[in-house]
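Chemist: Please take these sequences and the hints and turn them into a complete structure.
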Amino acid sequence: MNILHSLPREDGFYMPAEFEPHEGCFLIWPERPDSWAGGAYAARKAFVKVISAIARWEKVTVFASYNQYENARASLPPQVRVAELSTDDAWARDVSPVIVKNAAGEIRGIDWGFNAWGGLYDGLYFPWDRDNHVARKACDLLDIDCYDRRDFILEGGSIHADGEGTVMVTEECLLSPGRNPDLSREEIEQVLRDNLGAEKVLWLPYGIWGDETNGHVDNICAFTAPGEVVLAWTDDERDPQYERSMADLNYLQSQRDAKGRPITVHKLPLPRPVYVTEAECAALEPMDGEPTRSPGERLAASYVNFYIANGGIILPAFGDPADEQAAAVLQRCFPGREIVPIPARDILTGGGNIHCITSQVPKGNR
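Using full-length UniProt numbering, the first residue of the sequence shown is number 1, and each one after it goes up by one.
No lab work stands behind these hints: they were computed from the structure.
Careful: at least some of the hints might be erroneous.
What the hints assert, rightly or not - Using 30 Å as the maximum straight-line C-alpha spacing, the simulated DSS-like pairs for lysine-lysine come out as follows: (1) Lys200 to Lys267; (2) Lys363 to Lys200; (3) Lys45 to Lys363; (4) Lys259 to Lys200.
Stated by the list, open to error - Across the chosen pairs, the derived CB separations fall in these ranges: (5) Arg261 to Glu290: 26 to 34 Å; (6) Ala83 to Tyr121: 29 to 37 Å; (7) Leu120 to Pro77: 34 to 42 Å; (8) Lys259 to Asp151: 40 to 48 Å; (9) Gly260 to Asn71: 18 to 26 Å; (10) Glu297 to Leu7: 35 to 43 Å; (11) Glu278 to Asp239: 22 to 30 Å; (12) Glu171 to Leu120: 40 to 48 Å.
A virtual CB, placed ideally from N, CA and C, is assigned to each residue, including glycine.
Modeler: Pasting the structure below:
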């Protein structure tokens, strides 16, 4: 593996879309007791369902700590690769390399800086040094070269690409004081252009209400095809999410993508609000003597947090009437893929969902 200090765009590399073919997918075995209730036992069962579903269509690699390697290996299907690797938590989307590609199909990784979604300003845990080394180790495992961008804080869940020059982010996240406070919006956009091959950056105003990541785009809006997105939506004007989704809709309808196309927005209904229970709080260990959840706290539940596998859509389900509605919308958006709903509450209580715990490796040449 070579560590590169050039710019991907100047080297002819760009970020492909998630709906393009994958070589595989990374996940991290959950363990952290102040993130995952009840010693992560319920979360692991949910992870196994997600991993098994993805493994039907692509090669899955699961990173596990020294203490959990044997448990992970025994719990997972034999075709899943388990690799011992140290992390601080299990959010593979945000700590894995962002894989870029060139016209010849060669792939390389980008190693962004990671500071637990806000560092000492409003980050969710400390330290995060083991997470900050995952991307480079993953590139080594893939035997691909790696761009060093640790001087810029960015998580995989904060960016979406259409593979044709358009990248989508939220102002709420990328302009938050805990990320890159010394850079202007224009300077941040230039970093995205230089590293992701973006010709057009769409700046949605908001993410999901209450999202601990400062509003990652992957929980509110996602590309389903060039020029098409799904947007988390509620018709309930009393819901604090209503004004956020409406602002995002108005913005998207006023924009065109890098190819000059208007953006078609498919509304993806939100489930009813999901609240943390007293039992779930009691099953979480405190962090630095303080509880990490409060009874009655609303979680950032969204169907947009799905994973696009080569042959399927791995969709979070909440036991809600909107589960079937969301599946129907996504089936229309992805007619050639199987919709695979997986109960995801035990992932959601950890702070994210199916897209957050997965990170695709685009198909490419080595």
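Chemist: For each hint, tell me whether it holds in the structure or not.
Modeler: Evaluation of the provided hints:
no.	hint	in the structure
1	Lys200 to Lys267	22 Å, holds
2	Lys363 to Lys200	24 Å, holds
3	Lys45 to Lys363	28 Å, holds
4	Lys259 to Lys200	9 Å, holds
5	Arg261 to Glu290: 26 to 34 Å	48 Å, violated
6	Ala83 to Tyr121: 29 to 37 Å	32 Å, holds
7	Leu120 to Pro77: 34 to 42 Å	40 Å, holds
8	Lys259 to Asp151: 40 to 48 Å	31 Å, violated
9	Gly260 to Asn71: 18 to 26 Å	51 Å, violated
10	Glu297 to Leu7: 35 to 43 Å	42 Å, holds
11	Glu278 to Asp239: 22 to 30 Å	24 Å, holds
12	Glu171 to Leu120: 40 to 48 Å	22 Å, violated
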